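S.K.: Given chain H, put chains B and R in place with the hints provided.
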Amino acid sequence: MKKIVALFLTVCLVLSLSTMLSGCGYEYKELNLKGNYDVPHLKGTTLNFYNWGEYMSDGSEGSMNVVKEFEKLTGIKVNNSYFDSNETMYAQIKGEGVAYDLIIPSDYMIERLKNEDLLQPLDYSKITNYDLIDSKYKDLFFDPENKFSVPYNVGMVGLIYNSTMVDERPDSWNIMWDKKYEGNILTFNNPRDAFSLAQIVLGQDLNTKTKEDWDATANKLIEQKPLIQSYVMDEVFNKMEMGEAAIAPYYAGDFLTMKENNPDLEFVYPKEGVNIFVDSMCIPKNAQNVEAANLFINFLLEPDVALSNAEYICYASPNTSVINNENYSLKDEKILYPDEEDMPITQYFHDMDSQTRAYYDELWQKVKLH
Amino acid sequence: MKTLSRLYIALILIFLYAPLAVMVIFSFNASNSTSLFAGFSLRWYAELFESEATLSALKNTFILAVLSSVIATVLGTVAAVGILGYKRKWTKSAVMSATNIPMMNPDIVTGVSMMLLFVFIGKFLSLKTSLGFTTVLIAHITFNLPYVILSVMPKLRQMDFHLPEAAADLGCTPFKAFFKVVLPNISSGIVTGFIMAFTLSLDDFVISYFTTGPDFQTLPILIYTMTKKRVTPDMYALSSLIFLSVLVLLILFNVSQSKSNKRSHKN
Amino acid sequence: MKKASIGNPFISSPYVVWSAIFIIVPLLMVAYYSFTDANGNFTFSNIAALANYKEIFLTSIGYAAVATLISLLIAYPLAYFMTKTKLSTQGTLMMLVMLPMWMNFLIRTYSWITILANTGLINTFLGKLGIGPLQLINTPAAVILGMIYNYLPYMILPIYSVMSKLDNSLLEAAGDLGSNALSKLSRVILPLSMPGVISGITMVFVPSVSTFYISQKLGGGKNMLIGDVIEMQFQSSYNYNLGAALSLVLMVLILICVAVMNRFADDDGGVII
Chain H
1 MKKIVALFLT VCLVLSLSTM LSGCGYEYKE LNLKGNYDVP HLKGTTLNFY
51 NWGEYMSDGS EGSMNVVKEF EKLTGIKVNN SYFDSNETMY AQIKGEGVAY
101 DLIIPSDYMI ERLKNEDLLQ PLDYSKITNY DLIDSKYKDL FFDPENKFSV
151 PYNVGMVGLI YNSTMVDERP DSWNIMWDKK YEGNILTFNN PRDAFSLAQI
201 VLGQDLNTKT KEDWDATANK LIEQKPLIQS YVMDEVFNKM EMGEAAIAPY
251 YAGDFLTMKE NNPDLEFVYP KEGVNIFVDS MCIPKNAQNV EAANLFINFL
301 LEPDVALSNA EYICYASPNT SVINNENYSL KDEKILYPDE EDMPITQYFH
351 DMDSQTRAYY DELWQKVKLH
Chain B
371 MKTLSRLYIA LILIFLYAPL AVMVIFSFNA SNSTSLFAGF SLRWYAELFE
421 SEATLSALKN TFILAVLSSV IATVLGTVAA VGILGYKRKW TKSAVMSATN
471 IPMMNPDIVT GVSMMLLFVF IGKFLSLKTS LGFTTVLIAH ITFNLPYVIL
521 SVMPKLRQMD FHLPEAAADL GCTPFKAFFK VVLPNISSGI VTGFIMAFTL
571 SLDDFVISYF TTGPDFQTLP ILIYTMTKKR VTPDMYALSS LIFLSVLVLL
621 ILFNVSQSKS NKRSHKN
Chain R
638 MKKASIGNPF ISSPYVVWSA IFIIVPLLMV AYYSFTDANG NFTFSNIAAL
688 ANYKEIFLTS IGYAAVATLI SLLIAYPLAY FMTKTKLSTQ GTLMMLVMLP
738 MWMNFLIRTY SWITILANTG LINTFLGKLG IGPLQLINTP AAVILGMIYN
788 YLPYMILPIY SVMSKLDNSL LEAAGDLGSN ALSKLSRVIL PLSMPGVISG
838 ITMVFVPSVS TFYISQKLGG GKNMLIGDVI EMQFQSSYNY NLGAALSLVL
888 MVLILICVAV MNRFADDDGG VII
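Chains as they are written, first to last, in the working numbering: chain H, 1 to 370; chain B, 371 to 637; chain R, 638 to 910.
Only chain H is shown next, with the shape it has when bound in the complex:
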């Protein structure tokens, strides 16, 4: 018995030692901040932040822990929660069971939340860094007056493939229907993204409202189902890095993260075109700590913070201080910032009327249950 206790104590000791060691190695870099974060009255309050997974520099591998820096700076405690699709996020916001202070939905979802009166206007007196946003990403269709949203990242969907498993460099989404890769294809586990690939292959508008179009895409996905290994969202990281699957459509920035762990992975924007998206920061109507949320938006726009995030997440940044920064390592990454002549054909998602939405939701379940 004594032996076991001794063993346990030793393990604890070793653990605490190693923690101390890594603690010593932590380099605290003084942040250069433009905004004012002197908010003693917010000290001790909490901010419920609802974000995509893997979507903020978190301190791993020597990166900046953005949330921790903000907490240290302001004394506000940040609760992180994560979602893996716009639809999941929407269900939580709409369900009204929980209140989040800050969310990062994509364009079409912002349009929907706005139309359903679930967002509140931002307080630009707090968001003094807004002028750093590239004018390209202001006044967009989902928020023409920039009242409700500040862009966080922009990106496009592309095709990721494992060059040891795919012989030729693919140039078309049709490879997702190629029987040769049966059981080696991953696809999106959310209706809008999954349908969009079939829509592009069928030459449809991504925002079609005709039932026949949706029926055709659903059939196309049912046809694809036997070839699919699994429906994934962020599970795609592990699967592609491990070499579990040959082909996966996913967001361009995430490919760069995956490639760091598996150099065999390659990326292409298929010729038929791709979905382009803007993920923006918004404050829900029922937010409880609105001032802290506005402050955090401003903090995320800070050149130092935005740069750390851009380096860590690997998505294209809408922040001019990042794009024009000499030290930004992804500055010339053509996947994120393609030259004009290489720019793929792109389409945005728009929000749909509730009937169309209900219709494609039903079709999506049909596909999943088939």
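Take these hints with a grain of salt, some might be off.
Residues on chain H that point at chain R, a partial pick, calculated with CB under 8 Å [what the hints assert, rightly or not]:
no., residue
1, GLU87
2, THR88
3, ALA91
4, LYS94
5, GLY95
6, TYR181
7, GLY183
8, ASN189
9, ILE228
10, GLN229
11, TYR231
12, GLY243
13, GLU244
14, ASP361
In short, the hints are calculated from the structure, not lab data. Every value quoted in this text rests on a predicted model; they were computed, and no experiment measured them. Cβ coordinates follow ideal geometry from the N, Cα and C atoms, glycine included.
M.R.: Relative to chain H, chains B and R alone:
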């Protein structure tokens, strides 16, 4: 026959422990993969102890388990004593059927039904947020209660009913008689119920998943979010530590029990 | 006045109130949502829509039934063999069977991915022998395996606890009366261990039929079960009404199953926990 049966038992144990062995081995992985072993390292344990999210989830899980099991034990024990005194058979069977529901019902239905109630109340009171610590605590107490009642009930039935009466005759107030006479007689049932409630609460994912909010994340909820993102071995490190502590606890428990058994044999 | 300190029905009232609010009312809420639409108007459309989910109910019941049956086939001999070991060994074995249950079930399930994946441990090993890779993960078999793995101890426990209480003299008597090993098993052990078997079946079947995590992780989103569909309604499709209707049916189905099972278990306590 004997070797064959031993072999069979060994095989099943291997089946039960293989995934746990995988988990422990990969928690020491030097790389961030959960499938390729790249050498021994303690880095995931170190990262674990630095992660505030993990530590606060650990704390929350324990707070929730302790509070919910203590409240359920008190409420459940008192209820069991009362239920035993029901004169009408149908009231007794009605209350017992209601008690059985959370045990029989699949977790997902219990979770969903409570969520609907909480959200409804929240909207009714026009609260900004309805799901959080309070709701998940209520949910845990609710699903813990039947286990407490059903462990206390048999002990109460076995008890000699004349004892509290005798105590009352000797001048005890009913309240005092309960603590002096009834409680010691049913304590083993109470302890069993409490331990059951505590472990159920500690391990619950599904019901918490539907009834908690962003302010109050428990360990199972955190693990769920972790497996939805890109998975790194820190999750395995966390589980290995939990496994180790459970193992130590169980061994301590068994040792102390066998000691007290020996002592009672001597007496 | 006689039973002043024990069995005063009045003291159970806090609990009665509690269970009315937090057990009965939530179930009424489920029923309410099942029969209303998003705007709160009365409708049968959710119930009518259930027809589309007949197959998924059947699939889920099928998967859970197979998992339960296999668990029973594994657990029964195991429990029997365990009772034949020394008493101290029995205690250790019991602890070993229960220990994995103390681990978080999400992680227990997740670590099967490491074992079963195309690039996982089994396929790597087979690859070295020049076989494979076999498609193990993202299959119905993987989902069923996950159910068996997670819930097998729930089958072993009650069967073992009933068997360990079997009176040995009964078996001896049967032997004296000329029973051979086989008829001892079918005439004495089997009938007497039935209560354990039945509670084992309930305790494996109910969580299996309603799971969503196992099918999500080991089924790759291709092998959906009714639990996944319910979870989807609440957590991503935002269709509480359909979700409630599905939950209602699932609940009724299971309560019927449990009630039928309890009829077989011939004792007043019902299911042994």
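S.K.: For each hint, tell me whether it holds in the structure or not.
M.R.: Verification of the supplied hints:
Interface restraint check: GLU87 (chain H) against chain R, minimum CB-CB distance 4 Å, threshold 8 Å, status holds. With 8 Å as the threshold, the beta carbon of THR88 (chain H) comes within range of chain R, its nearest partner Cβ sitting at about 5 Å, so the hint holds. Because the closest C-beta pair between ALA91 (chain H) and chain R is about 4 Å apart, less than 8 Å, the hint holds. At a threshold of 8 Å, the smallest CB-CB gap from LYS94 (chain H) to chain R is about 5 Å, leaving the interface hint in force.
Interface hint at GLY95 (chain H): satisfied, since its Cβ lies 7 Å from the closest Cβ of chain R, which is below the 8 Å cut-off. Given hint, TYR181 (chain H) at the interface with chain R, is violated; its Cβ is 13 Å from that chain's nearest Cβ, farther than 8 Å. For GLY183 (chain H), the interface hint holds, the least distance from its beta-carbon to any beta-carbon of chain R being 6 Å, beneath 8 Å. The beta carbon of ASN189 (chain H) is positioned within 8 Å of a beta carbon in chain R (closest approach about 5 Å), and the interface hint is therefore held.
Proximity of ILE228 (chain H) to chain R holds as hinted, the smallest CB-CB distance being about 6 Å (cut-off 8 Å). Of the supplied interface hints, the one on GLN229 (chain H) holds, with its beta-carbon coming within about 6 Å of a beta-carbon of chain R, less than 8 Å. The interface hint given for TYR231 (chain H) holds, since its Cβ lies 3 Å from the closest Cβ of chain R, which is under the 8 Å cut-off. The restraint placing GLY243 (chain H) at the interface with chain R holds, with a minimum CB-CB distance near 5 Å, inside the 8 Å limit.
Of the supplied interface hints, the one on GLU244 (chain H) holds, with its beta-carbon coming within about 5 Å of a beta-carbon of chain R, less than 8 Å. For ASP361 (chain H), the interface hint holds, since its Cβ comes within 8 Å of a Cβ in chain R; the closest pair sits about 6 Å apart.
Hint 6 from the list above is the single one not met by this structure.
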